[in-house]
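*Asks:* Work the whole structure out from these sequences, hints included.
As you go down the protein sequences, you meet chains A and B in turn. Take any residue in the first sequence, note its place counting from 1, add 6, and you have its number in my numbering. Take any residue in the second sequence, note its place counting from 1, add 246, and you have its number in my numbering.
Mixed in with the good hints, there may be bad ones.
[Unchecked claim] Simulated restraints, written as ranges between beta carbons of each label pair:
1. Asn316/B with Ser80/A: 36 to 46 angstroms
2. Met287/B with Gly89/A: 20 to 30 angstroms
3. Lys60/A with Met287/B: 24 to 34 angstroms
4. Lys342/B with Ser14/A: 22 to 32 angstroms
5. Ser34/A with Gly262/B: 43 to 53 angstroms
6. Met287/B with Tyr45/A: 15 to 25 angstroms
7. Ser80/A with Thr261/B: 36 to 46 angstroms
8. Gly22/A with Thr300/B: 45 to 55 angstroms
9. Pro285/B with Glu21/A: 20 to 30 angstroms
By construction, these hints were calculated from the structure, which means they are not laboratory data. Cβ coordinates follow ideal geometry from the N, Cα and C atoms, glycine included.
Single-letter residue listing:
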Amino acid sequence: DQQVKQNSPSLSVQEGRISILNCDYTNSMFDYFLWYKKYPAEGPTFLISISSIKDKNEDGRFTVFLNKSAKHLSLHIVPSQPGDSAVYFCAAASGGSYIPTFGRGTSLIVHP
Amino acid sequence: NAGVTQTPKFQVLKTGQSMTLQCAQDMNHNSMYWYRQDPGMGLRLIYYSASEGTTDKGEVPNGYNVSRLNKREFSLRLESAAPSQTSVYFCASSPKYEQYFGPGTRLTVT
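*Replies:* Right, dumping it as structure tokens:
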């Protein structure tokens, strides 16, 4: 039973357009959410996070939105660049435990 | 700063062989983790260590053992490898929520 779901295995976007990656969770105890980016043959790298006390967090071209009532978060990349092509993992953790539960990932391809 | 290092990068084992995957971090993090990544399955936690001297099972611990040798090092041992353990293994460390990952070990068990 997946507690963190990324329902789109892949996403294709044109360079310069917006990429929107989605993530749903079922555990209402989750209160901290993270996005990781992974290139082939490398380990994941932390991208951006958000606490449940916020509904938006922005870092340059990357913005994460959290909708607690819908148990949904999304990562927006604007504008998308070919170097953003990677697998993106959503992760969630509950208060007091720093151990995240990961989604299965979404493969983003940004076409030049 | 090397961050998180893992050895070896690649390994091929025969069924029943044993091996130890090594992981070290130089960021003075208390927590360390071992994950496996399989196609379409995301990252699944095998074992973790919240601090030096403690280890706990994650989601998929069967067939593995771990040792937190000191604050820097966290090793993963396969006592009797099985084809189902063919995977990419990632070690990570964290100060709190954000995890820092190593480059991975690609293990094939034939």
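*Asks:* Within 36 to 46 angstroms: is that where the Cβ-Cβ distance between Ser80/A and Thr261/B falls?
*Replies:* Taking Cβ atoms as reference, Ser80/A and Thr261/B lie about 43 angstroms apart, which means the hint holds.
*Asks:* Is 45 to 55 angstroms respected by the C-beta to C-beta distance linking Gly22/A and Thr300/B?
*Replies:* Distance hint for Gly22/A, Thr300/B holds at roughly 48 angstroms.
*Asks:* Holds or violated: the 36 to 46 angstroms window for the beta-carbon distance between Asn316/B and Ser80/A?
*Replies:* Since Asn316/B and Ser80/A have Cβ atoms about 40 angstroms apart, the given range 36 to 46 angstroms holds.
*Asks:* Does the Cβ pair Lys60/A, Met287/B satisfy 24 to 34 angstroms?
*Replies:* The hint (24 to 34 angstroms, Cβ to Cβ) holds, given that Lys60/A and Met287/B are roughly 30 angstroms apart.
*Asks:* Kindly confirm whether 20 to 30 angstroms is satisfied by the beta carbon distance between Pro285/B and Glu21/A.
*Replies:* holds, 27 angstroms
*Asks:* Range first: 43 to 53 angstroms. Now tell me if the beta carbons of Ser34/A and Gly262/B are that far apart.
*Replies:* Between Ser34/A and Gly262/B, where Cβ atoms are some 44 angstroms apart, the hint holds.
*Asks:* Met287/B and Gly89/A, beta-carbon distance inside 20 to 30 angstroms?
*Replies:* Distance hint for Met287/B, Gly89/A holds at roughly 26 angstroms.
*Asks:* Quick one: are Met287/B and Tyr45/A within 15 to 25 angstroms, going by C-beta?
*Replies:* Roughly 18 angstroms apart at Cβ, these two residues keep to the hinted range, so it holds.
*Asks:* With 22 to 32 angstroms as the target window, see if Lys342/B and Ser14/A comply at their CB atoms.
*Replies:* holds, 29 angstroms
In summary, this structure violates none of the numbered hints.
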